[in-house]
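Trainee: Protein chains in written order, with our numbering: chain A, 201 to 464; chain B, 201 to 464; chain C, 201 to 464; chain D, 201 to 464; chain E, 201 to 464.
Simulated from the structure, these hints should not be mistaken for lab results. There may be inaccurate statements among the hints.
Residues on chain D that point at chain C, a partial pick, calculated with CB under 10 Å [stated by the list, open to error]:
#1 D205
#2 D218
#3 F219
#4 E294
#5 E298
#6 T300
#7 P309
#8 T310
#9 V315
#10 Q367
#11 P368
#12 Y373
#13 G407
All C-beta atoms, glycine included, are put in the ideal place defined by N, C-alpha and C.
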Amino acid sequence: MTQRDPPPTEEGWYALHDFRTIDWDAWREAPERRRQRALEEGTEYLQSHAALEDVDDPGEFGGGHTAVFTVVGHKADLMIVHLRQTVGHVEAAERRFERTELAAFTEQPTSYLSVTEASGYTERARDYFEGEVDDDSGLAQYIQQRLHPEIPDAEHVCFYPMSKRRQPEQNWYDLPFDERAEHMARHGDIGRGYGGKVNQMIASSVGFDDYEWGITLWADDPTDIKDLLNEMRFDPSSSKFADFGPFYFGKRFEPVELDAYLAG
Amino acid sequence: MTQRDPPPTEEGWYALHDFRTIDWDAWREAPERRRQRALEEGTEYLQSHAALEDVDDPGEFGGGHTAVFTVVGHKADLMIVHLRQTVGHVEAAERRFERTELAAFTEQPTSYLSVTEASGYTERARDYFEGEVDDDSGLAQYIQQRLHPEIPDAEHVCFYPMSKRRQPEQNWYDLPFDERAEHMARHGDIGRGYGGKVNQMIASSVGFDDYEWGITLWADDPTDIKDLLNEMRFDPSSSKFADFGPFYFGKRFEPVELDAYLAG
Amino acid sequence: MTQRDPPPTEEGWYALHDFRTIDWDAWREAPERRRQRALEEGTEYLQSHAALEDVDDPGEFGGGHTAVFTVVGHKADLMIVHLRQTVGHVEAAERRFERTELAAFTEQPTSYLSVTEASGYTERARDYFEGEVDDDSGLAQYIQQRLHPEIPDAEHVCFYPMSKRRQPEQNWYDLPFDERAEHMARHGDIGRGYGGKVNQMIASSVGFDDYEWGITLWADDPTDIKDLLNEMRFDPSSSKFADFGPFYFGKRFEPVELDAYLAG
Amino acid sequence: MTQRDPPPTEEGWYALHDFRTIDWDAWREAPERRRQRALEEGTEYLQSHAALEDVDDPGEFGGGHTAVFTVVGHKADLMIVHLRQTVGHVEAAERRFERTELAAFTEQPTSYLSVTEASGYTERARDYFEGEVDDDSGLAQYIQQRLHPEIPDAEHVCFYPMSKRRQPEQNWYDLPFDERAEHMARHGDIGRGYGGKVNQMIASSVGFDDYEWGITLWADDPTDIKDLLNEMRFDPSSSKFADFGPFYFGKRFEPVELDAYLAG
Amino acid sequence: MTQRDPPPTEEGWYALHDFRTIDWDAWREAPERRRQRALEEGTEYLQSHAALEDVDDPGEFGGGHTAVFTVVGHKADLMIVHLRQTVGHVEAAERRFERTELAAFTEQPTSYLSVTEASGYTERARDYFEGEVDDDSGLAQYIQQRLHPEIPDAEHVCFYPMSKRRQPEQNWYDLPFDERAEHMARHGDIGRGYGGKVNQMIASSVGFDDYEWGITLWADDPTDIKDLLNEMRFDPSSSKFADFGPFYFGKRFEPVELDAYLAG
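Pulled out of the complex, with its shape left as it was, chain A reads as follows (with noise of 0.2 Å):
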């Protein structure tokens, strides 16, 4: 029973998904001037958090991005992502929301804390770990965006967390470097037959989170999203080895349509 080799990693940004829930009785019964105070400050805390107000030392990635979604059904209202350098960064991000008057009308029916992560599975993946490629190489640089990632403007968005299982016979942990580098290498390959039209930031949450990945995803056509995932399933990396936790399906919203977003 020898300890299998874990994969060198590498992290960038810390992410935190932060949900809120409209209380829509308190809205609809809120005075004209409350709720036109919450939307101003609303509005004003995305905005601000989005153009990273927060941030003093933006770095070469800018210092983070703060993006906001809606989400679909009875799980939540609204997704804020923040991605900043520091938890200490997210942490305060979400601690400000309750300062706003927008807040007194939401609750946080759940949230995701996570940081972005490469890991050295394929080989070209692992002379980047193993410092054999320069900082300024198509490489490095491709790792480096995938750390510090853009959040694109695509139409619609998807959420979840996921673990690999340790059980007997489907034990991710267990398994030699090389199968699941193998894995790993088919599991890319499908992700790459969505370039294009898929985009995803993967985020380990080893330590911050219930789950082990958090992983999100962005397309136009949801159901991009659908035939992804879906074709993933088929994949052993999933079907032997994915436990995947609650889905979080919503569309791109920008600060400055909170105001036709309340009115229902």
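Following the hints, put chains B, C, D and E in place on chain A, whose structure we already have.
Mentor: Chains B, C, D and E only, in chain A's frame:
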């Protein structure tokens, strides 16, 4: 460990099953004028969505459907089913409900987001998916009708989400395509045995919600639904591979009945 | 992988187990007049349903039953059991409760919808299901009585939902018919050993609720219920194939006792 | 597939573990007069039940016990344990609490209903169950004492529910009687090793609540409870066959301490 | 089926991880005077417990510690960790919080009770447990320090409960002692690889709470915690035998920061 072939699929309408409980205490205590307004706005909401007034461009199949059902027991009181061409449409319909005074008397305990789906497991269906049949052939029209279903007038409704298992010895996603096709054929045969008695709508929720499919069944006689599901449970595609979520059972309901319904 | 034969079944009354908790704080603080009205309307509701005043066409077995039980512990305070000929009847009975002032002092933490069921596993029962026995034969009358059960006067009641397992090595739905019939026969023998001490009502909830059956047991001596269930648990049909939901235990309760009950 | 022999059993007192959380916010804000009344009625309730004033016919073992414990952490604040001769007695005690003003400051987050049980796995116990020992023999008296236990003065208490597994390879209910008897003997030996340090009450909840047994342990030194349970966990009867529910841990508490307790 | 030998263990301080959410709505709307009083009483509570003012007899290790942390996300806002010599001490500290006006602005969504534990799996440790080392030896002092840990000044904290599995093929409690000792040795080696970067406190919760251990990790760099846990997950003692509960992640927090924290 090879990747299995997913079946080809085609999608139709997005489906939101929007469940609501009535706050009977608030309703009982509300002044007549507020109840009246809630009834008017609630009925108007249901009727205008049933009339697809929110759909600008109806398309060949009329752009969707909205139907309402009561739900027996504590899980919910009403189930509103919206079928529409985009996620944006069902999300707007969900949110628009919150504008009505009726919403003040309801909570949304749960919901389910999915998209109607046909999959190419049978040989005939594969012809369709490989583009070898005319659009106006019987097969093409049959598939299109399943993707854009009429909601039947049947008296009773049953909704439940489900997934296929991925356990050792019971791993649907690790079966060869032909074996899955055989399962689906036998499963379909059982369903056809209830033709004229039970109608079904099958919608994929991979990426959209917590299970992989949402199944809606309609029948005049509730025991036909029980018998169908029971017979299927003895079929290997269910007995070995199906995991079921919660079941919701209720009755067809016309918007104009809202008044009588809320009277208790 | 062949489909197994489901047993033939016949159904009787729909059963709604409607659980209610008392909001004791609200009750304690309510003015005497409101409590009086709640008591009157609550007692009237229970009595009129026990008297089947909601049933127009009683039929051979009288059209149903309604009985009330207390429930020990935090899960509920009262369990109202409605047996009726249609889903519409039990749904109306559930909703009609909300019209009473008593409802203002209760919540509905859970409920269970099912339909009484007899299945043809034994050779004798198969004769019945194959139509080879007269309607007025002893067997036919026995089966009809099980489908339209009297609710006995026994002092204690136990309710729980259950399903049969579909796991590798423990897959009820993958057993050959004869093996299941043998299990059912032995299971029935255990039950008969408690004849005169424990009464049972077995109702299918496939398609209606989250488990496959709802089981209601009545006995004067609670330990007879414990002994029966314990003995069954050592029988393979339970030890290998049964999954149990939550258990509810309480006492028979007459509508006229509501006053004393709510006094604490 | 033969049915296994259940052990003979005998039952003593019904046990209701009635958990309550204090609504500290309401308590803090209540006027002194209401707090005083809550304290008086709460103390009176606890004292009168400890004094068995609700028991008309005490019988040989005095008719029961009522004891109160604090519970550490969020799961509850108080655990009231009622032991009585009938379900009716514990149900009435539970309900009678709601009459007190103290109840207005509490919620009932959970509870557990069971009946003390002795089972005849050992050879000696089988003699008892086969009626081959005198009622006033040491064995008979020992068993009767376990069925009608004194609640010891020990400083700490631990309560948890548990069931025996019925999985492939770990199916307690499918073991031959002798194998189970051997397990129980070894399990008993471990318990006896903590004699004088840990007291236990074992009560069956088959048919009464969601697990099969409720276990209550008392000890002055909390680590004796930890050591006992840890040692048992390495015993096959636990390591292979036990499923544990939530654990509650707290301290013995006298009714007269209620005042000090609620002061914070 | 022989009983396995449990390791010898020794215990130190009882640990209560007391989680609190802030009711931001109530806080936002509270009059300045109430907020001021809540701040003063809250800060005083945290400071007096950090100063161990509740401890009469500090003993060799000073009688305990109290430290406060923020928690990111919806699960909690604050985690107060009390380490004390008795269960009575941590229970009193938990309850004393309810006396403060700050408590009126918080809920307690969860908590965890455990006791720091050292176990004698390594040969060296066995010497200690067999009493073959002097109390003032390095080993004895090392073990005593682990049982009475300093809470480090590190910026980040991670808490999670965990248990060892008892499944077929993955049954920790059925492994021979030597095999477990080997697992523990390798597990310890991984931990030591993060010496100077990650501090840990290991506490048993067998009998005290729902999992078997509560693990608290401290590090300045959050990715060191992630890397440590990830590396351990590839070690058989985790990959085959560990079941993890929810993870809580946050930041060190000084009582004087409460004012700034509550300002949002």
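Trainee: Compare the structure with each hint and give your call.
Mentor: Structure-based check of each hint:
{"no.": "1", "hint": "D205", "verdict": "7 Å, holds"}
{"no.": "2", "hint": "D218", "verdict": "8 Å, holds"}
{"no.": "3", "hint": "F219", "verdict": "7 Å, holds"}
{"no.": "4", "hint": "E294", "verdict": "7 Å, holds"}
{"no.": "5", "hint": "E298", "verdict": "4 Å, holds"}
{"no.": "6", "hint": "T300", "verdict": "8 Å, holds"}
{"no.": "7", "hint": "P309", "verdict": "7 Å, holds"}
{"no.": "8", "hint": "T310", "verdict": "5 Å, holds"}
{"no.": "9", "hint": "V315", "verdict": "7 Å, holds"}
{"no.": "10", "hint": "Q367", "verdict": "8 Å, holds"}
{"no.": "11", "hint": "P368", "verdict": "4 Å, holds"}
{"no.": "12", "hint": "Y373", "verdict": "4 Å, holds"}
{"no.": "13", "hint": "G407", "verdict": "4 Å, holds"}
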